[in-house]
Structure formats: C-alpha cells, structure tokens
Amino acid sequence: MSLIALQPRDLILAAGLVLLLALLSWRLRLGVERRVLVAALRSAVQLTLIGLVLQALFAQTSLALIALLALVMLSVAGWEVMARQTRRYAGPWGYGIGAASMFLSSFSVTLLALTVIVRVEPWYQPQYLIPLLGMLLGNTMNGIAIALDDLTRRAAENRGRIEARLMLGATWELAIADLRRDALRAGLIPIINAMASAGLVSLPGMMTGQILAGAAPLEAAKYQLLIMFLIAAGTGLGSIAAVWLGARRLFDGRQRLRLDRLKQA
Amino acid sequence: MAALRLERLQPHGLAPLHLRLEDGELVLVSGPSGSGKSLLLRAIADLDPHPGEAWVGGLARASLPAQEWRRRVGLLPAESHWWAERVGDHFPDRLSPTSEWTGPTGAPDLLNALGFTGDALEWTVARLSTGERQRLALARLLAHRPEVLLLDEATANLDEANRTRVETLVTRYRIARQAAVLWVSHDPQQRRRLGGRRLVIEAGRLEPER
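Going line by line, the protein sequences match chains B and H. First residue of the first sequence: 1, per the working numbering; consecutive thereafter. First residue of the second sequence: 1, per the working numbering; consecutive thereafter.
Hints were generated in silico from the structure; no laboratory data involved. You can take every hint at face value.
Examples of chain B residues lying across from chain H (beta carbon under 10 angstroms, computed):
id	residue
1	R165
2	L168
3	T171
4	R254
5	Q255
Just so it is clear, CB atoms sit at the ideal spot from N, CA and C, and this is done for glycine as well.
Produce the complete structure using the sequences and hints provided.
Structure below.
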C-alpha cells in the first residue's frame, strides 16, 4: 500500500464543496459566507506555505532554521490565545501569560518526547520535531485560551464574591480558589473528551494521516496514543501555568482584586 | 493609642484626610450619594489602591499582610455577597456564630441577637430575603471578631424591629470588645439615636456634621 498523490483536480473538487457551503450560507442568510471563504483561503495559503517551508527544512536539518520556525509557531499561538480572550490583561501580560505558559508546556513536553520517548537522532530532526510541536502547540493553545477566558470572565462577573472573601480576611489564593479550579477544568475538558471518544466516534487526525500514508493501523494507533498522552500532559501543564499566572496577576501586592488590569477586547 | 488612625489617607475623589477613633468609639458618617462614603470605607479596608497610611491599635497597615489587616478591620458593604450555597459555609470554622465573646456584657449569641435561630446556618443563600442577607452578613462579619468595624448602611433594608436588633448588637459588640466603629448612615434619626461623633463628607472633605 502506498500513498496516492493528490492531483490539483482532486483539491478543486473538494474546494467546490466549500463554495457550495458558502452559496448555501448566502441563500439561507446565515451571514457566514464571507468568513467561510476567507478561512478556506487562509488555510489553503497557510498549508501550502508550511508544506514548502517544511520541504526546504527537511532537506537540511539546520537547528537554527528549525528554532526559528518553532519561534514563529509559538508567537502565532500566543497571538491566537490573546485574540480569543473577551477580557485581556492590559500591557505585555495579555500576550505574555499565554505565550509563556505555552512555551513552558509545549516545548518541554516535545523535548521530552524527542529525547526520552521516541529517541530521535539527532533530537531536532524536523520530520519529528515540527509535527509534534505543532500538535502540542495547537492543543495547549486551545486549553490555555479556554482556561484563561473562563478565569477572567468569571473574575469580572464575581467581583462581589471575591471581595466578600477578601473583606473577611481571606488570602487572594483562597478568594479565587473556586474560580481557578473551574477555569482549569474548563481548559482540560476538550482533551479529556478527545481521549475518551478516540477511536469510537472518529479516528484522530494524525492516525488517519498515517493510515492514508500507508502505515499499519496498529502502528498508527500507537503513535496516536503517544501523541494524545503528550497532548494531555502538555495541555494540563500549560493550563495550570496560565491559570496560576493569570490569577496572580488579578491581585496586587496588597491582595486587592485589580479588575482594572483587564480590558474589554 | 487610638483604635483606628488614618493619616493623609486619600480615597479616590476625596481630599487627603486624617481621622482618629479611640477604643470603643462610634463615628457616624453621612453625605450625599456619590460623595465617596463607600470609597472611604473601601480605602480603609485596603480594597482599592490609594495613597496614605492607616493604623489599628498602633500597628501600621503596611506592616501587616493584607489579609491580616482586613481581618482586623472588618468592612460590611452595603450589598452582601455569598460564595457558597449554605449560609453556614460562610462562617469561620472554629469561631462558630453561637460561641461567646468575652466582655463586660457577657455572651450574646450572634444569630439570636439578630432574630434568627441556629438552624439559619443550614439555610441556602438563594432563599434568603434582602433583609435576612443583610443581618446574616453582619453575623458573618462579627464571627470573625474584627477590632474595627466599618459599616456601610448596615440597616438600609430592615424593618424597625430588625433595625433595633442590629443597632443593639453593634453597640454591645463595640462596648464588649472595645471596638472602634465607623458607621456610614444616611438616616439622620439613626445618627442622632446612636449618639456618636458625627462627620459628613462634603465637596470631597470629611468634616464635622453641623
């Protein structure tokens, strides 16, 4: 079994389906046709570009170039986390909390996977590093964005409750403990659900890809399991870091709730 | 040594102010709405950033961790908030609201003094009326044994019988614990009835009421 290379004609046919969806949206006045088309176009351009970049990168295995690409991926993920917040932290914190937590979790888990688990030689071989890091960043990004959004939204809504506890002599950590727990749970639910339903409802994307590319299904399943465990650990670590940093930033040195440090997006 | 002393304390929108309350002293504050009465109390409790320093019983605010300061300087806001489902979960574990406090007046039971029985602790917060919330918020605050009380319209939603209960309980607490009480009240009769020093906030300044 080997990979059947896709022809331009095949992609055009698939793109026709998206066009049909946009047409339907217009006819049914759903108002999302523009967004569907822009998103489809973006994905086409972005994926083609990354395909070209990766092809060039695989040809030379240069650590500097790989580090540069990883940095670009991280900074885009940082923007993405910030863009998804209804209330953002003012100043550099708005970007920094998400980016720092993602860096901490995704990079360390990827490094661990490459050096200890898969034992790639050299460890920065792009064929392994880039897809692994990409999947970890993409998933931790989701978890962190959801957890941070949950934390800041509910802190703003529950100002009275938090301050009621402060007034009775609670520390900032006690005053926000419930919200912190809920935010973490919200961030972890997508990956928990994904693990619980994996294989029953749908085949995860990576496993599908490997099978399409001709790998034995059991081998593909093993890789998928590895990735899922890594993603769960990375999302957990990243969400914990983001929620801790975010909650800390909501209070100042005198343990006052400082909602003025958030601004409406 | 004053129970509560404020030096150049400047809540948002007010001029820097000085104030000194002795042990067991009652001071009543009034002023038009929006004049900054609540902001003054919030500043003393250190809930909003502001310049100035405050002392309680000779201890400077800056020398105490914030949570320790707020435990000593208890603020009762005009609107009470509840974070757990059951009333009893809002009371400190070891200082139960039915326990005694030491002092010349003996041992009042907080809940009884406010017209409740002990089973009020089992009630869910959602079923409380506005007046019940207000009275239970006072019980919750006093159960933490603050050394200074900052009361923001503590009887605004209460009928006469319950207003008397609250006034009596605060007076007994003030005398028994020698606690300084700073009470914001818009009711001129109440201010006269309670009989403490009367101040008014006018044009951003805290001055004696005439």
